[in-house]
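Trainee: Chain H: place on chain G using the hints.
These protein sequence lines map, in sequence, to chains G and H. Sequential numbering from 1 applies to the first sequence in the numbering used here. Sequential numbering from 1 applies to the second sequence in the numbering used here.
Treat the hints with care, since some could be wrong.
Since the list can't tell identical chains apart, any single copy or any two copies may satisfy a pair.
What the hints assert, rightly or not - Calculated pairs, EDC-like style, for lysine to aspartate or glutamate (alpha carbon to alpha carbon, straight line, at most 16 angstroms): (1) 321 <-> 58; (2) 321 <-> 57; (3) 336 <-> 129; (4) 190 <-> 142; (5) 379 <-> 129.
None of these hints come from the bench; they were simulated from the model.
2 protein chains.
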Amino acid sequence: MSGFFTIHPTNNVTAGNSGTNNGAARAGTLHLPHGMVETPVFMPVGTSATVKAMTRDDLTEIGFEIILSNTYHLYLRPGTEVIQAAGGLHEFMRWDRNILTDSGGFQVFSLAPFRKISAEGVKFRSHIDGSYHVLTPESVVDIQTILNSDIQMQLDVCTPWETPHKDAVQALKTTADWLSRAKKRWLWQKEQGYEGALFGIAQGNFYKDLREESAALTIAADTPGIAIGGLSVGEPADIFFEYLSFTAALLPPEKPRYVMGIGTPEYILAAIESGVDMFDCVLPTRTGRTGRVFTHRGELSLKKLDRRLDFAPLDADCDCKVCRTYSRAYLRHLFKAQEILCSMLASYHNLYFLHDLVKKSRAAIAEGRFLDFKSDFLKKYAEGE
Amino acid sequence: MSGFFTIHPTNNVTAGNSGTNNGAARAGTLHLPHGMVETPVFMPVGTSATVKAMTRDDLTEIGFEIILSNTYHLYLRPGTEVIQAAGGLHEFMRWDRNILTDSGGFQVFSLAPFRKISAEGVKFRSHIDGSYHVLTPESVVDIQTILNSDIQMQLDVCTPWETPHKDAVQALKTTADWLSRAKKRWLWQKEQGYEGALFGIAQGNFYKDLREESAALTIAADTPGIAIGGLSVGEPADIFFEYLSFTAALLPPEKPRYVMGIGTPEYILAAIESGVDMFDCVLPTRTGRTGRVFTHRGELSLKKLDRRLDFAPLDADCDCKVCRTYSRAYLRHLFKAQEILCSMLASYHNLYFLHDLVKKSRAAIAEGRFLDFKSDFLKKYAEGE
Numbered sequence: 001m002s003g004f005f006t007i008h009p010t011n012n013v014t015a016g017n018s019g020t021n022n023g024a025a026r027a028g029t030l031h032l033p034h035g036m037v038e039t040p041v042f043m044p045v046g047t048s049a050t051v052k053a054m055t056r057d058d059l060t061e062i063g064f065e066i067i068l069s070n071t072y073h074l075y076l077r078p079g080t081e082v083i084q085a086a087g088g089l090h091e092f093m094r095w096d097r098n099i100l101t102d103s104g105g106f107q108v109f110s111l112a113p114f115r116k117i118s119a120e121g122v123k124f125r126s127h128i129d130g131s132y133h134v135l136t137p138e139s140v141v142d143i144q145t146i147l148n149s150d151i152q153m154q155l156d157v158c159t160p161w162e163t164p165h166k167d168a169v170q171a172l173k174t175t176a177d178w179l180s181r182a183k184k185r186w187l188w189q190k191e192q193g194y195e196g197a198l199f200g201i202a203q204g205n206f207y208k209d210l211r212e213e214s215a216a217l218t219i220a221a222d223t224p225g226i227a228i229g230g231l232s233v234g235e236p237a238d239i240f241f242e243y244l245s246f247t248a249a250l251l252p253p254e255k256p257r258y259v260m261g262i263g264t265p266e267y268i269l270a271a272i273e274s275g276v277d278m279f280d281c282v283l284p285t286r287t288g289r290t291g292r293v294f295t296h297r298g299e300l301s302l303k304k305l306d307r308r309l310d311f312a313p314l315d316a317d318c319d320c321k322v323c324r325t326y327s328r329a330y331l332r333h334l335f336k337a338q339e340i341l342c343s344m345l346a347s348y349h350n351l352y353f354l355h356d357l358v359k360k361s362r363a364a365i366a367e368g369r370f371l372d373f374k375s376d377f378l379k380k381y382a383e384g385e
Numbered sequence: 001m002s003g004f005f006t007i008h009p010t011n012n013v014t015a016g017n018s019g020t021n022n023g024a025a026r027a028g029t030l031h032l033p034h035g036m037v038e039t040p041v042f043m044p045v046g047t048s049a050t051v052k053a054m055t056r057d058d059l060t061e062i063g064f065e066i067i068l069s070n071t072y073h074l075y076l077r078p079g080t081e082v083i084q085a086a087g088g089l090h091e092f093m094r095w096d097r098n099i100l101t102d103s104g105g106f107q108v109f110s111l112a113p114f115r116k117i118s119a120e121g122v123k124f125r126s127h128i129d130g131s132y133h134v135l136t137p138e139s140v141v142d143i144q145t146i147l148n149s150d151i152q153m154q155l156d157v158c159t160p161w162e163t164p165h166k167d168a169v170q171a172l173k174t175t176a177d178w179l180s181r182a183k184k185r186w187l188w189q190k191e192q193g194y195e196g197a198l199f200g201i202a203q204g205n206f207y208k209d210l211r212e213e214s215a216a217l218t219i220a221a222d223t224p225g226i227a228i229g230g231l232s233v234g235e236p237a238d239i240f241f242e243y244l245s246f247t248a249a250l251l252p253p254e255k256p257r258y259v260m261g262i263g264t265p266e267y268i269l270a271a272i273e274s275g276v277d278m279f280d281c282v283l284p285t286r287t288g289r290t291g292r293v294f295t296h297r298g299e300l301s302l303k304k305l306d307r308r309l310d311f312a313p314l315d316a317d318c319d320c321k322v323c324r325t326y327s328r329a330y331l332r333h334l335f336k337a338q339e340i341l342c343s344m345l346a347s348y349h350n351l352y353f354l355h356d357l358v359k360k361s362r363a364a365i366a367e368g369r370f371l372d373f374k375s376d377f378l379k380k381y382a383e384g385e
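Excised from the complex, chain G in its bound form:
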């Protein structure tokens, strides 16, 4: 995968002679089958072959170059054979830019009413109809190949916060074994013409020795990129930040690093500072549907009565079409009247907001002033109105 990921040089304009003001942050470009992706990148989540309440035109207009979709959900509904018959996921949902798919492992653990891990793979019951299914490292590669994912993830074993050391050891050993099987299958699929990349996932729970061991095993498998798994699983924020930067620093600088489930401005900026290149989260669309929106001065709830006659835009510092067009009073009314348009507009704004935040982060990194950008942003964000 030569040329898969290139890291941009940084012009140090603010930090004097002793280096840049970027922390471990870096900006780069991913070269994927459906076009280039500038990193750091926030990826909206399109769980069931659509980002909720958004059209593909909305996503293109904002500027997203890659979205995420969930293998677990698509495998169960509409079913792999439907997407295969459509000619792949891009064709099915008519999205001509990149798609990253997860392995389904996390959903098996978080959604399925029953699952049993063996050396072979994982057996589980569908949360939709209760039917039994088995996923193996090989079948998960095959499914994601049928989806024609631009980046696919290995099947892994994700452990929650407060997992005992010996269980975390077992999970990382199984994950490493599954990675070698996944890679073998992926190499075979590439020989058949598949062009997508495979990412291994480093686990290790909240034990630094296990993080080191799992990172080393994942690095040894030499996949085009590496994901940091087992974070955002119930741990306190300071533990999250500690293990995020600890694990990111273990990874080779030349490969893209991906952390799943990060969607608040604070977490995104911390991930970028730690040298993470890719992240995704349902948060901007999920909170949008509950009437909560990001602004440069913190989160705003449309439910509050004092918005009733507030004809200001959602966020005076946002250039999105929602902020340029509608008032808080109108959005609040739509929310109270349970109008679908509220979900549409709030999701659009929240995704635009995060896309803009990451875009400005990239510009700050290029100019060697990311840490200043981060602290300025977070100061205003914490101030409120």
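Mentor: Frame of chain G; chain H shown alone:
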């Protein structure tokens, strides 16, 4: 209101020497404060200051020149004072084309858990919070003036199918009295600068003598346009068609005629044939949200299993962006996964379909071949796939 409504000449190209092949259909132009409206016209319903699951850009893209909104709903939520503070309904919802509002009378009868009619007006309880309210012919004009409706409707008394003759008499007499009071108030509002038009409503239930009497009283009030009320209230289709054409024929040709609550292709084409110029209905958006869509070969349900691997567009004869982009299989998947995008796309398609039907009807009328167009359309529509 000189020049409020102009009727276009018809070029008779298909019907030989003996006149046009248009029935009573006619095409014209309404000249309204927010631009011209070509008639016949189908108006999408934006009950709570938005057409459900549609953006204003969607509506503009399809080509709608006027939408309808509901006074009853807006009066209760967000409340007249919110829309007044926004500078009117156009400004509140950011729609710069025309808006017709109904009087709220129909919703008081169909939605409110309690209502009592007196000579003065109607007292009712809100279906939202149970609070008591009174609407009078004058207050309804005032509310719609605050909304800044381009066309507003008088408060009327609507009676259901199988209303006794004496009750229908009382309802039409009250309606006529309320029209004279509404007109007086409307003339006063016009002196204050209001530019919208007032339409009277002809009632009379399903008694031809009462239809004649109510039409005469409404005509005598000399409003810029006239609505035919009291149809689509539970009667069989043949009775609807009979009373629609009977009542339309009683009205002066030079004024626009409006019938509320008509949204199927069959009813729309019958209304046009009877010389009706304007109609509205929630049907295209409501059925869209339940996975039912119009096609040139009849209605199609996305629920059906045989659409699972059907990669054809919703309607091969439709040029809308949904049909040019997505497959039935994808739309069916979105419906089964309860994705908001399904409501968005199905509503868009259904509204485009009716807009296109009415646009083609206007072209057929201009060329004197409307009855042929109608029978060709309905023949294919009844055939199915």
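Trainee: State for each hint whether it applies.
Mentor: Structure-based check of all given hints:
no., hint, result
1, 321 <-> 58, "both (10 angstroms within a copy, 14 angstroms between copies)"
2, 321 <-> 57, "both (13 angstroms within a copy, 11 angstroms between copies)"
3, 336 <-> 129, "between (33 angstroms within a copy, 13 angstroms between copies)"
4, 190 <-> 142, "within (11 angstroms within a copy, 70 angstroms between copies)"
5, 379 <-> 129, "neither (47 angstroms within a copy, 41 angstroms between copies)"
When held up to the earlier numbered hints, the structure conflicts with hint 5 and nothing else.
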